[in-house]
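The chain contents come next:
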Amino acid sequence: MSTPESETLTAYMTRIADDTKAGRIKWVKSNPTTFVYRKAAAQLSLQRIVQHRTISTTQGLKRASVTNYIFQAIEVPRGNVKLIINTAEKYSELRPLLDSLFETINIDVDRDGLDFLKKVIEQE
Amino acid sequence: MHPFWSYHGDFWIGTALGIIGLGLTIWAVFAATGAKEAAINAGRTVKMQTVALELMGLAHELDSLDPEILFPAARDFLNRVNFKLRRLIAPFQDEAELALFVASIRDSLTAAKTALSGVRPAAGAAPAPVGTVYNAIEADLATISGSVADLLGLMQTISMNIIPPEDDTQ
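Taken in order, these protein sequences are the chains called L and Z. Residues are numbered in the working numbering as their position in the first sequence, beginning at 1, plus a constant of 700. One point on numbering: in the working numbering, the residue at position 8 of the second sequence is 1, and numbering is uninterrupted.
Hints listed in this document are in silico derivations from the structure and should not be mistaken for laboratory results. Please note: incorrect hints may appear among the correct ones.
Cut-off 16 Å, straight-line C-alpha distance, at most; resulting in silico cross-link-like pairs (EDC-like, lysine to aspartate or glutamate) [stated by the list, open to error]: (1) K726(L) to D810(L); (2) K762(L) to D87(Z); (3) K790(L) to E705(L); (4) K77(Z) to D100(Z); (5) K726(L) to E789(L); (6) K762(L) to D143(Z).
The model shown is predicted, which means the values in this text are computed figures rather than measured ones.
Work out the full structure, taking the sequences as your base and the hints as a guide.
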């Protein structure tokens, strides 16, 4: 269900995705499932989590998986977490948007890697 | 001419004793088979109870993972749990009532290891926020813990069912 907060967050996430595409926000890969963007007073992070569940059915146990996202805005250097969006607990309606943001970041980081490789090759 | 058994009373006594002896032998075989089965079941129950105690300890560890755990500690923790849990549940993989839960625990352990490898820090990369590792494996650990609890419950039920009341008092 859409709430005023989730609508505001949707607008912010869309803006972050647009800025990422335009190269105004440069994310770095912290690990295979987490990206981090750090600026003067804040750090943003986006983590993709694939969660597996065992469901008991009449035919026995079945395994199902669901992909969730954790977006965090942290105040630096204090380390205070100012905002957490965990689609497993709240704002599940933002899941498709965060999925798209994750892919956008992933493509941007890969493109950076390719640009770096191109530079290295051209320097030879 | 009369057949010889019609006037030899000792023939009938011998025959009767033979039949009684045969009956007693058959009864002894049945009793021994039952005793053997009871001994096997009792041994199985003792094994289940020993394993159940260790599983309870592991379930407690799974439920009390530090939310700020870092990758190296989580890797060591998961390796230890993986090894211990697989060793404990392996003897029950062919038990019809338990096989499903044994398979579920194994699948979840594999899933947890995959999830953990998803947060392996990239060399020289910016540190991930605190809680990243915990968030990655928490759901799989909860699934493992739930399956272990199911397995424990089934083991206790089987232990209660397979010992007849008279054997309980011995």
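Hint numbers not upheld by this structure, sorted from lowest to highest | 2, 5
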